[in-house]
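Novice: Sequence:
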Amino acid sequence: MAAHRSDGMAGAITRVWGRGGIFGFYQGLIPWAWIEASTKGAVLLFVASEAEYYTKTFGASNFVAGISGGMLGGLAQAYATMGFCTCMKTVEITKHKAAAGGAKPLGTIKTFMAIYRAEGIRGINKGVNAVAVRQVTNWGSRFGLSRVAENGIRKITGKDDSVPLSVGEKILASGIGGGLSPWNQPIEVIRVEMQSKKEDPNRPKKMTVVNTARYVYSQNGIKGLYRGVTPRIGLSVWQTICMVALGDIAKGWVEKATGDKVTVKH
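Its first residue numbered 1, the sequence shown is counted upward by one per residue in the UniProt record's numbering.
If you're looking for bench data, these hints aren't it; they were derived computationally from the structure. Please read all numbers here as calculations on a predicted model, not as lab measurements. Some hints here could point you the wrong way.
Each computed SDA-like pair below joins lysine to any residue, with the alpha-carbon atoms no more than 25 Å apart [claimed, not checked]:
#1 K89 with L235
#2 K56 with G41
#3 K56 with G120
#4 K198 with A118
#5 K95 with G259
Whole structure, please, built from the sequences with the hints as guidance.
Specialist: And the structure:
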């Protein structure tokens, strides 16, 4: 929807289905989503936990520590592992499936190598700066707002900081934090447009965050910058529950298993 901004939800589902049936919804899964999923969580949890801990040593509140940890974790994610993965996933989703003259279209690895030979390391990391802005704002908001929600739950239930929240309470807090976080959808639309293989003669030849934003606005107005926000709210809720609530729970398990004290655990 971020790439084809004239589509509604039904139209987007029909378009994806037309690109391979049920398998169309898994374009870019192998190997790009596998690589991304198996690395970005570790990067985020490690960097965000350390950043939260050190921010708290300076007397920061849960909210400030959460935002700081999330922003630094998101930044590390973007440049360490997500740049080329998101680029190649978007390429797979937006490239033409039918090659000229009836020839078989390039597979995902051959597509990757073709982009690398033509444009080098910058080509396979196209849009990485937009990815970085998205991840910084994503996880800054998700961690920060989840910590605010946790504080609210503590006030309602009368629990102080020494009493851990239940699993259900942590999931609720993370769901609230994740649901409020897609305010940055324009950054996601810009990122998709920068990485898209959609053919349009009106697109800027050399795309930057600024001229891509202008292009999207000129084509679709302010609504175009928020296309796809509804499914992204669902994605944000899911990811925040996994990385914030379940991340904290996993830290508790590690603490019990090793006897070491986890640096940051709410």
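Novice: Each hint should be assessed against the structure and marked as holding or not.
Specialist: Status of each hint after checking the structure:
1. Between the alpha carbons of K89 and L235 the distance comes to roughly 16 Å, so the proposed pair stays at or under 25 Å and holds.
2. Proposed proximity of K56 and G41 is supported: the alpha carbons are some 22 Å apart, at most 25 Å.
3. Distance check on the hinted pair: K56 and G120 sit about 41 Å apart at the alpha-carbon level, beyond 25 Å; violated.
4. The hinted pair formed by K198 and A118 meets the criterion: a straight-line CA distance of about 17 Å does not exceed 25 Å.
5. Simply put, K95 and G259 have alpha-carbon atoms about 51 Å apart, too far for the 25 Å limit, and the pair is violated.
Hints 3 and 5 from the earlier list are contradicted by this structure; the remaining hints agree with it.
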